[in-house]
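Chemist: Input sequences plus hints: build the corresponding full structure.
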Amino acid sequence: MGMTLRTSEEQAAALRRQAAAEGRSMQAVALSAIDEYIARRTHKSKVDSALKRVVAEEAEVLERLKDA
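Quick note: the sequence shown uses my numbering, first residue -7, plus one each step.
These aren't lab readings, by the way, just hints derived from the structure by calculation. Computed from a predicted model, the values in this text were never measured in an experiment. We treat Cβ as the ideally placed atom computed from N, Cα and C, and that holds for glycine. Where hints are given, some of them may not hold.
[Claimed, not checked] Result set (SDA-like, lysine to any residue): computed pairs, CA atoms no more than 25 Å apart in a straight line: (1) Lys38 to Glu52; (2) Lys36 to Val47; (3) Lys44 to Lys58; (4) Lys36 to Ser24; (5) Lys44 to Tyr29; (6) Lys58 to Ser41; (7) Lys58 to Ala42; (8) Lys58 to Thr34; (9) Lys36 to Ala51; (10) Lys44 to Ile30; (11) Lys38 to Ala48.
[As the list claims (entries may be wrong)] Pairwise CB distance ranges, derived in the manner of DEER restraints: (12) Arg33 to Glu55: 44 to 52 Å; (13) Met(-7) to Ala42: 29 to 37 Å; (14) Ala42 to Glu1: 40 to 48 Å.
Modeler: And the structure:
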């Protein structure tokens, strides 16, 4: 599926420089950045869910530690 991505002149120039530095196309660098962003957000969501679960499951222990 295609899409058009509109960037500022500064973003386009930075992307062009990064692509040249890596010897890759601007598209490849942009797609890599999107993939990394999605992976980070997915990981953060999983960590947040795990933290909420642990806090809920261990609320009593955490309360006792707070008073220790």
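Chemist: Now look at each hint and say whether the structure bears it out.
Modeler: Tested hints:
In summary, the hint linking Lys38 to Glu52 is supported, as the alpha carbons are separated by about 23 Å, within the 25 Å threshold. In summary, the hint linking Lys36 to Val47 is supported, as the alpha carbons are separated by about 16 Å, within the 25 Å threshold. Pair hint Lys44 plus Lys58 holds up; C-alpha atoms about 17 Å apart against a cutoff of 25 Å. As the CA atoms of Lys36 and Ser24 are separated by approximately 18 Å, the hinted pair is consistent with the 25 Å bound.
Pair hint Lys44 plus Tyr29 holds up; C-alpha atoms about 22 Å apart against a cutoff of 25 Å. As the CA atoms of Lys58 and Ser41 are separated by approximately 22 Å, the hinted pair is consistent with the 25 Å bound. Proximity of Lys58 to Ala42 is assessed by CA-CA distance (about 21 Å); at most 25 Å being required, the pair is judged to hold. Between Lys58 and Thr34 the alpha-carbon distance is near 31 Å, which puts this suggested pair outside the 25 Å criterion.
Between Lys36 and Ala51 the alpha-carbon distance is near 22 Å, which keeps this suggested pair within the 25 Å criterion. Between Lys44 and Ile30 the CA atoms are separated by roughly 21 Å; this keeps the pair inside 25 Å, and the hint holds. For the hint linking Lys38 to Ala48, the alpha-carbon distance of about 15 Å falls within 25 Å, and the restraint holds. Checked against the given bound of 44 to 52 Å, the beta carbons of Arg33 and Glu55, roughly 31 Å apart, lie outside it.
Between Met(-7) and Ala42 the Cβ separation comes to about 32 Å, which falls inside the hinted range of 29 to 37 Å. Between Ala42 and Glu1 the beta carbons are some 42 Å apart, a value that agrees with the proposed interval 40 to 48 Å.
When held up to the earlier numbered hints, the structure conflicts with 8, 12 and fits the remainder.
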